[in-house]
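*Asks:* Below, each chain spelled out in residue letters.
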Amino acid sequence: MDQNLIEKVMKQVTEELGVKEEKAKESCTENKSIGMTEFVGTSMGDTIGLVIASVDSMLVDTMKLGKYRSIGIIGGRTGAGPQIWAVDEAVKATNTEIISVELPRDTKGGAGHGSLIYIGADDVSDARRAVEIALQAIPKYFGDVYGNEAGHLEFQYTARASYCLEKALGAPLGKAFGMTCAGPAAIGTVLADIAVKAANVEVVGYSSPSNGTSFSNEIILTFTGDSGAVRQAVKAAISAGKKMLGALGDEPKPTTTPYI
Amino acid sequence: MDQNLIEKVMKQVTEELGVKEEKAKESCTENKSIGMTEFVGTSMGDTIGLVIASVDSMLVDTMKLGKYRSIGIIGGRTGAGPQIWAVDEAVKATNTEIISVELPRDTKGGAGHGSLIYIGADDVSDARRAVEIALQAIPKYFGDVYGNEAGHLEFQYTARASYCLEKALGAPLGKAFGMTCAGPAAIGTVLADIAVKAANVEVVGYSSPSNGTSFSNEIILTFTGDSGAVRQAVKAAISAGKKMLGALGDEPKPTTTPYI
Amino acid sequence: MDQNLIEKVMKQVTEELGVKEEKAKESCTENKSIGMTEFVGTSMGDTIGLVIASVDSMLVDTMKLGKYRSIGIIGGRTGAGPQIWAVDEAVKATNTEIISVELPRDTKGGAGHGSLIYIGADDVSDARRAVEIALQAIPKYFGDVYGNEAGHLEFQYTARASYCLEKALGAPLGKAFGMTCAGPAAIGTVLADIAVKAANVEVVGYSSPSNGTSFSNEIILTFTGDSGAVRQAVKAAISAGKKMLGALGDEPKPTTTPYI
Chain A
1 MDQNLIEKVM
11 KQVTEELGVK
21 EEKAKESCTE
31 NKSIGMTEFV
41 GTSMGDTIGL
51 VIASVDSMLV
61 DTMKLGKYRS
71 IGIIGGRTGA
81 GPQIWAVDEA
91 VKATNTEIIS
101 VELPRDTKGG
111 AGHGSLIYIG
121 ADDVSDARRA
131 VEIALQAIPK
141 YFGDVYGNEA
151 GHLEFQYTAR
161 ASYCLEKALG
171 APLGKAFGMT
181 CAGPAAIGTV
191 LADIAVKAAN
201 VEVVGYSSPS
211 NGTSFSNEII
221 LTFTGDSGAV
231 RQAVKAAISA
241 GKKMLGALGD
251 EPKPTTTPYI
Chain B
1 MDQNLIEKVM
11 KQVTEELGVK
21 EEKAKESCTE
31 NKSIGMTEFV
41 GTSMGDTIGL
51 VIASVDSMLV
61 DTMKLGKYRS
71 IGIIGGRTGA
81 GPQIWAVDEA
91 VKATNTEIIS
101 VELPRDTKGG
111 AGHGSLIYIG
121 ADDVSDARRA
131 VEIALQAIPK
141 YFGDVYGNEA
151 GHLEFQYTAR
161 ASYCLEKALG
171 APLGKAFGMT
181 CAGPAAIGTV
191 LADIAVKAAN
201 VEVVGYSSPS
211 NGTSFSNEII
221 LTFTGDSGAV
231 RQAVKAAISA
241 GKKMLGALGD
251 EPKPTTTPYI
Chain C
1 MDQNLIEKVM
11 KQVTEELGVK
21 EEKAKESCTE
31 NKSIGMTEFV
41 GTSMGDTIGL
51 VIASVDSMLV
61 DTMKLGKYRS
71 IGIIGGRTGA
81 GPQIWAVDEA
91 VKATNTEIIS
101 VELPRDTKGG
111 AGHGSLIYIG
121 ADDVSDARRA
131 VEIALQAIPK
141 YFGDVYGNEA
151 GHLEFQYTAR
161 ASYCLEKALG
171 APLGKAFGMT
181 CAGPAAIGTV
191 LADIAVKAAN
201 VEVVGYSSPS
211 NGTSFSNEII
221 LTFTGDSGAV
231 RQAVKAAISA
241 GKKMLGALGD
251 EPKPTTTPYI
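One line per chain: the protein sequences are A, B and C, in this order. Under the UniProt record's numbering, the first sequence has 188 at position 188, and the numbering climbs by one with no breaks. Under the UniProt record's numbering, the second sequence has 255 at position 255, and the numbering climbs by one with no breaks. Under the UniProt record's numbering, the third sequence has 218 at position 218, and the numbering climbs by one with no breaks.
If we strip away everything but chain A, and leave its shape as in the complex, we get (with noise of 0.2 Å):
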């Protein structure tokens, strides 16, 4: 009877206290209908993804479309790492290009960047598609985002970059590319190191809470090579950031399962 009780009171408590269940989405490109031709679903990270058929004439050098007046739109709360790997996914098996990649500071107060991601395309079905790749993808590229309340780190890989991660991280078309990402800002530094002593790479970029990041709390270091080089110094850098976020709290979990 007293765990009868216990499970009503959580229950009043939970309500009252408006605490949400998280629930572990790991393919959510949810299709529920909004009555909208805009919308095309939604997925992890707070991650909506649109269409604009035609952009309105007023708008399209405003918000510097270029040729383009059909757009899909990829834009997230969490992550810009996993949407930008998405996003390059979905314009290799579409007939889109990439438009724009910004980096907002947000995560919903954590330490790192939410995303808006615009994709050209000459037929809005085009576009579309593209939008249903990314939002499919994006769960898979969460794998190797790990978290604790203190932090996060991220850590993601490809054996042949396209043209999203070009536009968004200077990579090289068709290269294996890797990236190692921490915050607080002080694990990525050391992340860094490890990465490049673990393989033979080759540094593409790096970026810090004052050059490149919108101010967010992470060191980002990019770099190319033979694939399995990149792949090495990626794994490397894995370990060594879940022991140093850890010591600032929990063990860092996964977002979903790891695919690196």
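Some hints here could point you the wrong way.
Any copy will do: because identical chains look the same in the list, a pair fits if it lies in one copy or spans two.
What the hints assert, rightly or not - Straight-line Cα separation of at most 30 Å, DSSO-like style, residue types lysine-lysine; simulated pairs:
{"#": "1", "residue 1": "140", "residue 2": "242"}
{"#": "2", "residue 1": "67", "residue 2": "197"}
{"#": "3", "residue 1": "242", "residue 2": "108"}
{"#": "4", "residue 1": "197", "residue 2": "64"}
{"#": "5", "residue 1": "243", "residue 2": "140"}
{"#": "6", "residue 1": "175", "residue 2": "108"}
{"#": "7", "residue 1": "64", "residue 2": "242"}
{"#": "8", "residue 1": "67", "residue 2": "253"}
{"#": "9", "residue 1": "108", "residue 2": "67"}
{"#": "10", "residue 1": "243", "residue 2": "64"}
{"#": "11", "residue 1": "64", "residue 2": "235"}
{"#": "12", "residue 1": "253", "residue 2": "140"}
{"#": "13", "residue 1": "64", "residue 2": "167"}
{"#": "14", "residue 1": "253", "residue 2": "64"}
{"#": "15", "residue 1": "175", "residue 2": "92"}
Keep in mind that the hints were calculated from the coordinates and are not lab data.
Knowing the structure of chain A, use the given hints to seat chains B and C on it.
*Replies:* Just chains B and C now, with coordinates in the frame of chain A:
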């Protein structure tokens, strides 16, 4: 008796977890004295209203106050639109001038802004009156700010823009002026397109995470035109915004009572 | 028996809601080994202290390390003042030099900063010693950091500024140096005025959301002068700051034990 116990437990749980009841503050200029001549009052969005009768000469240039020594100050953690619109009312009604408007990246972990507005006056009583009017007007302009756990939507409208809207957002003086804004930014992109398609309006400004938003996760569109057209453009965006943000979480709720 | 039940429920509620007891960490350089030579320890504000004995040559220019290969790293999620003041002590006491100080927009959803400080040394043992001293000093400098649910106040003072304060905040070497800071920024404006009126001090720096604060919601004033005057200026601001921040919420509490 069970109910009795549940309430008792709720009380203790709430206290021990440090959960505060968020009281809806419809009209919240608190005039509680804190024993400082600088203090005027507070309002929604953790907004505080202050005055300095005569800023120390060492700081006049540093703070870029121009010819003014008496200043009113409106600053909030959450929101920039409501504060800017409210101060716009205040300068219309008083013998004051806007010195500066700054937009911190804030909102207590949310996607958007805080605000810091300096109001200049030859006489401190004018500055104080402007601050009082602004504090009282802020809750009204939170009326069309909608939120849920995933982000926020903001809509503002005035039939006649004044000096604060001119200074902060480039509004043409004396003309109708409207704004659509959403975070995550992707939603704001679609709202911008819907607004300009809904009525014959002219775009004044467009801000994105990397340009004009202090890296917040928002797209902000501002526009002018006939007052009927501006209002129509804003209204068209409201229902679409609620649908899109609602796809990421609960039904977005207005902060106070919608006025548009 | 009711009490018994309440405790039982509290325990379960707390566990299920994932609420962590925030232990006051007065002295919190944890020397728990994590099996990495780079790890030195942790401190308040989710601050981690790390060293790299010999940064990979590929990163020396990228990280702008100048002549140094051995670096100490202090990085925190919450706070920049305490870390900067603590590292200032550390460089006084060791054979090290400040390489860079960066201020992310962070504090875990709060109004202010995080920090990332690189310390250079010819010998890694000097870098490690500097990091150890800084980690131990950080809790002291959180002593005059006050907070409540609406924002924070920060006050710092030193009788003799050293190289970290010079690098980070332009302090004149060897002279007394003080700081007032508050978020929401509006409170910081009034504190700045109160500080310079309270004693014969000279303004060194003034930062606002759009200038020098990484868009955080703060006004930061720094000043120099006779040590008595600097201290008096800081002390005058403390009581005023507590009143103003207190008007927006609960009575602001110091993070550790005030030292000014």
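*Asks:* Quick one: residue 67 to residue 253, C-alpha cut-off 30 Å, is that within a copy, between copies, both, or neither?
*Replies:* neither (43 Å within a copy, 38 Å between copies)
*Asks:* Could you figure out if residue 175 and residue 108 sit no more than 30 Å apart (CA to CA) within one copy, between two copies, both or neither?
*Replies:* Neither: 33 Å inside a copy, 36 Å across copies.
*Asks:* How would you classify residue 197 and residue 64 at a CA-CA limit of 30 Å: within, between, both, or neither?
*Replies:* between (40 Å within a copy, 18 Å between copies)
*Asks:* Within a copy, between copies, both or neither: which one fits residue 64 and residue 242 at a CA-CA cutoff of 30 Å?
*Replies:* between (40 Å within a copy, 26 Å between copies)
*Asks:* With identical chains treated as interchangeable, where does the CA-CA distance between residue 67 and residue 197 reach 30 Å or less: within a copy, between copies, both, or neither?
*Replies:* Between copies, since 20 Å is at most 30 Å while 43 Å is not.
*Asks:* Pop the pair residue 243 and residue 140 into one bin, within, between, both or neither, using alpha-carbon distances up to 30 Å.
*Replies:* Answer is both; intra-copy 23 Å and inter-copy 27 Å each pass.
*Asks:* Between residue 253 and residue 140, at a C-alpha cutoff of 30 Å, which is it: within one copy, between copies, both, or neither?
*Replies:* within (15 Å within a copy, 32 Å between copies)
*Asks:* Up to 30 Å between alpha-carbons, please classify residue 243 paired with residue 64: within, between, both or neither.
*Replies:* Cα proximity of residue 243 and residue 64: across copies only (26 Å, versus 43 Å in one copy).
*Asks:* If the cutoff is 30 Å on CA atoms, where do residue 64 and residue 167 land: within, between, both or neither? Let me know, please.
*Replies:* both (15 Å within a copy, 25 Å between copies)
*Asks:* Using 30 Å as the alpha carbon limit, work out where residue 253 and residue 64 are close: within a copy, between copies, both or neither.
*Replies:* Cα proximity of residue 253 and residue 64: none, with 39 Å in one copy and 32 Å across.
*Asks:* Within, between, both or neither: how does the pair residue 175, residue 92 come out at a Cα-Cα threshold of 30 Å?
*Replies:* within (13 Å within a copy, 47 Å between copies)
*Asks:* Up to 30 Å between alpha-carbons, please classify residue 108 paired with residue 67: within, between, both or neither.
*Replies:* The answer is neither: 34 Å in one copy and 38 Å across copies each exceed 30 Å.
Violated hints, listed in ascending order, are 6, 8, 9 and 14; each of the other numbered hints is respected by the structure.
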